[in-house]
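**Student:** Chain by chain, the residues:
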Amino acid sequence: MSIIKLKDVCKSWGSTQVLKNINFECKDGELLVLLGPSGCGKSTTLRLIAGLETPTEGSIEIGGKDVSNLPPVKRNISMVFQNYALFPHLNVAENIIFGLKARKVPKVEQQKRLENAADILGLTDFLARKPAQLSGGQRQRVALGRAIVAQVSVCLMDEPLSNLDAKLRQEMRQEIRSLQQRLKMTMVYVTHDQVEAMTIADRIILINEGIIEQHGTPEELYNQPASSFTGNFIGNPPMNILVPDAQIIAACPATIFPSHDATATYLLGIRPEDIEIVQGSGLECTATLIEYLGAETLVVVQAGDHAITLTVPGRAEVSAGDHLAIRWEADKVHLFAAANGRRIETLTGAML
Amino acid sequence: MRLSGAGIGKIIETLGAWLLGALWLLPVVFAIWSAFHPAEYSTRFELFAPVTTENFVRAWSYAPFPRYLLNTFILVTLILAAQFVLCTLAAYGFARFDFFGKNFVFALVLLQLMIMPEVLLVENYRTISELGLLDTIASIGLPYMASAFGIFLLRQSFKIIPTELIEAAQVEGVSALGILWKVYIPLSKSTYIAYGLVSVSYHWNNFLWPLVVTSSVNSRPLTVGLAIFGAPESGVDWSIITAATVMTMAPLLLAFILFQRQFVQSFMHSGIK
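As they're listed, the protein sequences go chains F and Y.
First residue of the first sequence? That's 1 in the working numbering, and the numbers climb one at a time after it.
First residue of the second sequence? That's 1001 in the working numbering, and the numbers climb one at a time after it.
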């Protein structure tokens, strides 16, 4: 059963259209990540679901009910904000039950939910503190507490981890994920961090310039990018997107190209880890940059006009300026139409 | 011993601060000295001059100071309460809602900041007279209740409250007035304290308008009462005048000394200095 449904949602600010025909569904108990670069419209989408903005066109359903024109409170949602939105004049306990008070939940029930949430989040010893006396991670937990006590099925998160340092971000990410699974929450989670999206999501919606580039599981987005944008956005280091010239075409079996029509032009996408350095014949290139990352080494090579990134497990026995030969398997190549960047299936099967 | 440039600067700064402090304190010290000593010592300093409270007793009995004090107290309370309510609502409107002509109306409010109240003395008198409110405490306060300064100050302080907090309250279903009460007002506490102090001290000391609009003991505030008391035709007795002055300023001075820390902090927080 899908609990959130967006149908042909458009949003404009004056004459600028920030969202164009957004259609998606989010299933009950699913963690859906809205991913995209800054200014792509992902936060706007979340705010539309929350009811903090109204769509210019289209409709939004939550729990089978059209909520397009309802205020946030009638939508049965909770929301966690980027800067936590904790009231500085209230202590932790008051912050957590702020919404319950506003909704006039009985005192006894408030207390019960507060204790439960504080217990889950390990905040029991901090209930009397003011937000200013808490660390970043603790503040984040208080914000989560507010979402937990609301006991609504849908929780919206607007870049909740962006103010934490890298290590804490990873911890909180796992915590949010396990919390979401334990409490069977339906969660819509906005982030610009593809690692965060990949690790936490059941499904990802990748948005770019107000349109959905791809909607799928993290595996689908990684292994079968629907466009060159997805290929480039997902994965670290990003996929190499090459405009094939004679040199590149020579490096892959020509049979992978579906059409030999000279007017049809393609973009070639190859993941850095799918490229290997070989002895003997291959694409001739020169190493320009070596970055040792511990578990792997990132090598940037220059082949003609192309800067190509590849990763080598462990330490690579190359140094900048070395002449190398590289190659990749035909079935690792992703093809995109140069005109619109959409994916084109390769003919690798036919070749094999 | 050699002094560095910074050291000399520091000394000059300290001396300057003491000098300004002393200048400010001088009239207060004189008033207190004169109030507590017999008339012959009022303009003469002698360390072991006899101390007396007789001046206070006489001043107290010559004029209805308790009544004046009560009038002033009612006046500042009334003005402050009305200002808080009116300015809060107006500032909330300007800070949070979009309506037709908002900027124009706000410009009109700011315009009021540039007009000296004294300029409107005659016009205000006419209005109060038409309302039939002459010689009442309300008439002294009425022209000041919709304070442009207060509206401006609170609007600024409302505007810097993060929208996230407002949205969080919205998601929880708090109404527009609830948001004002539960989010805006508590978060602007320091502005309210600072503005309250400015307002109370201004109206406690305000003189010209109350003098014009009041004519009886029932409405006269302390400042006007004191001026009439010290008028040349009633004979100048410095000891009694200073005793009365000390009585006038004592409550405010005491309040400031007691709440000094909070006041200074709130000024720092609210950004008015």
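Calculated from the structure, these hints are not laboratory results.
All values derive from a computational prediction rather than experimental measurement.
Idealized CB from N, CA, C, for every residue including glycine.
Check each hint, because a few of them may be wrong.
[Unchecked claim] Pair ranges (Cβ atoms, derived): (1) Y:Gly-1173 <-> F:Gln-181: 45 to 55 Å; (2) Y:Val-1029 <-> F:Glu-94: 16 to 26 Å; (3) Y:Asp-1098 <-> F:Thr-16: 15 to 25 Å; (4) F:Gly-294 <-> Y:Gly-1173: 45 to 55 Å; (5) Y:Thr-1163 <-> F:Lys-130: 44 to 54 Å.
[As the list claims (entries may be wrong)] Pulled from the structure, derived: some chain Y residues nowhere near chain F, Cβ distances all over 12 Å: (6) Ala-1022; (7) Pro-1050; (8) Phe-1056; (9) Ile-1074; (10) Ala-1082; (11) Asp-1135; (12) Val-1174; (13) Leu-1187; (14) Gly-1196.
**Student:** Flag every earlier hint the structure violates by its number, smallest first.
**Tutor:** 1, 2, 5, 12 and 13
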